[in-house]
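Colleague: Residue numbers (full-length UniProt numbering), protein chains in the order written: chain D, 1 to 373; chain X, 1 to 104.
Take these hints with a grain of salt, some might be off.
[Stated by the list, open to error] BS3-like, lysine-lysine: derived pairs with alpha carbons at most 27 angstroms apart: (1) D:K51 - X:K93; (2) D:K48 - X:K98; (3) D:K211 - D:K201; (4) X:K49 - X:K74; (5) X:K49 - D:K48; (6) X:K74 - D:K48.
No lab work stands behind these hints: they were computed from the structure.
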Amino acid sequence: MLRLAGRKSEVDVMEKKRDYSLVGESTRIAIETGLASAEWYHTDVPRKAMKELMQRSDGPAIRDTIIWIVAILGSAAGIAWFWGTWWVVPFLLVYGVLYGSSSDSRWHECGHGTAFRTRWMNDAVYQIASFMLMRNPVTWRWSHARHHTDTIIVGRDAEIAVMRPPDLLRAALAFTGVLDFRYSLPTLVRNAFGSISPDEKSFIPEMELHKVVTAARWHVAIYVAAIGLALYLWSFLPLVLIGLPRLYGSWHMVLTGLLQHIGLADNVTDHRLNTRTVYMNPISRFIYWNMNYHVEHHMFPMVPYHALPRLHELIKHDLPEPNPSMWHAYREVWPVLLKQLQYEDYFLKRELPPTARPYRDEFHALTVPAAAE
Amino acid sequence: MADWVEACGVDDVEEEDVIRFDHGGRTFAIYRSPDDEYFATDGYCTHEKAHLADGLVMDDIIECPKHNGRFNYKTGVARGAPVCVNLATYPVKVEAGKVMIQIG
Numbered sequence: 001m002l003r004l005a006g007r008k009s010e011v012d013v014m015e016k017k018r019d020y021s022l023v024g025e026s027t028r029i030a031i032e033t034g035l036a037s038a039e040w041y042h043t044d045v046p047r048k049a050m051k052e053l054m055q056r057s058d059g060p061a062i063r064d065t066i067i068w069i070v071a072i073l074g075s076a077a078g079i080a081w082f083w084g085t086w087w088v089v090p091f092l093l094v095y096g097v098l099y100g101s102s103s104d105s106r107w108h109e110c111g112h113g114t115a116f117r118t119r120w121m122n123d124a125v126y127q128i129a130s131f132m133l134m135r136n137p138v139t140w141r142w143s144h145a146r147h148h149t150d151t152i153i154v155g156r157d158a159e160i161a162v163m164r165p166p167d168l169l170r171a172a173l174a175f176t177g178v179l180d181f182r183y184s185l186p187t188l189v190r191n192a193f194g195s196i197s198p199d200e201k202s203f204i205p206e207m208e209l210h211k212v213v214t215a216a217r218w219h220v221a222i223y224v225a226a227i228g229l230a231l232y233l234w235s236f237l238p239l240v241l242i243g244l245p246r247l248y249g250s251w252h253m254v255l256t257g258l259l260q261h262i263g264l265a266d267n268v269t270d271h272r273l274n275t276r277t278v279y280m281n282p283i284s285r286f287i288y289w290n291m292n293y294h295v296e297h298h299m300f301p302m303v304p305y306h307a308l309p310r311l312h313e314l315i316k317h318d319l320p321e322p323n324p325s326m327w328h329a330y331r332e333v334w335p336v337l338l339k340q341l342q343y344e345d346y347f348l349k350r351e352l353p354p355t356a357r358p359y360r361d362e363f364h365a366l367t368v369p370a371a372a373e
Numbered sequence: 001m002a003d004w005v006e007a008c009g010v011d012d013v014e015e016e017d018v019i020r021f022d023h024g025g026r027t028f029a030i031y032r033s034p035d036d037e038y039f040a041t042d043g044y045c046t047h048e049k050a051h052l053a054d055g056l057v058m059d060d061i062i063e064c065p066k067h068n069g070r071f072n073y074k075t076g077v078a079r080g081a082p083v084c085v086n087l088a089t090y091p092v093k094v095e096a097g098k099v100m101i102q103i104g
């Protein structure tokens, strides 16, 4: 669900082994070799247990959303109250993360329709979170469907955050939100003027394209109103509250989101090979709505965020050992990224426990020459 | 004339649940609603090739396990992105404890 600052240009990718455009050579290869829309590995879970895990409930998400809204409004009030003094800083930190980071997980879960049982509640939070993230709610619904169909399949997945060879400067800048801001805002404006790129057209059905334009126009209209209010008040405050948190508050989204797939295999059909589960502290898990159980989420996207810890307990015998912390995960990833600078096929192949069903090498022969275990 | 085919026993599918039924090289989904009625649709989601029988039944909705696309399984109507194409439905009757579906 994390994408860094748009796609590389065609000129960029033509010189590289992997073509990350969604209408290029890698796309053709993925379709021809059956990697696109493939059947993926799933851990066996009895239907009765899975049915129980999939059950929807409004309770947990209503509770979390009330806490979320109260914290957002409270910190916004603190910013307004202390505006012009140094006391504003802690409120900016809290507000920024709630606005620029926790909105990502709300966007994600409500986009799947799993957070609440009641559909309109999912839709309402999805629209609000999309706005906070400067994401077109229509485009991103479809790009995320593609991400689940073709997770980290080069030329198919529209949400590959770190491409190979990794651009470490771009990854580092992502923590500031600058690159994403630079990509998201012009994209919204472009969509608002009716322009849909070939990449967007590759995963959005034609009958939905007009909705992309309508949604973008609403977003742009609100930003224009915020700018107008800032000019009227002759104060940055409206923009600090609307729009700019996407810059100063997205660091936690990047911190957690980067770990989802970075350094792991691409072009495989087993989420155990390309996705990572990381144990996290309770605050990060609240902000991230349990998406640290990311292998579990990709294998079974029907399971709501509040049931993911239970799913994890049920299937962990079949998954690689989770990273015990974000720090551990980044320490594991760093040398892999450095090696990928020299040799982009290199990746981290995580060891399975003896209780797990082995990786099906015959399905992954297309990847892979070098893996670190 | 379409044939009536035995899909399963009435107790093979739990209330508010779905099972898969394969016949003649095709796959179907057989539903039992919360008010104990039976319904049948195509087995694959119209968005991408995923078995709806692995999904979740809530009231009169079947949710696809792959992308959470939703259909009304009684009418086949798609209920929003990422599903845009309706699902084919089939007539169902219950006879002597068996669920029969009419396949065209």
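Colleague: Taking the hints in turn, state whether each one holds.
Modeller: The hints, checked one at a time:
| no. | hint | verdict |
| --- | --- | --- |
| 1 | D:K51 - X:K93 | holds, 26 angstroms |
| 2 | D:K48 - X:K98 | holds, 22 angstroms |
| 3 | D:K211 - D:K201 | holds, 13 angstroms |
| 4 | X:K49 - X:K74 | holds, 20 angstroms |
| 5 | X:K49 - D:K48 | holds, 23 angstroms |
| 6 | X:K74 - D:K48 | holds, 23 angstroms |
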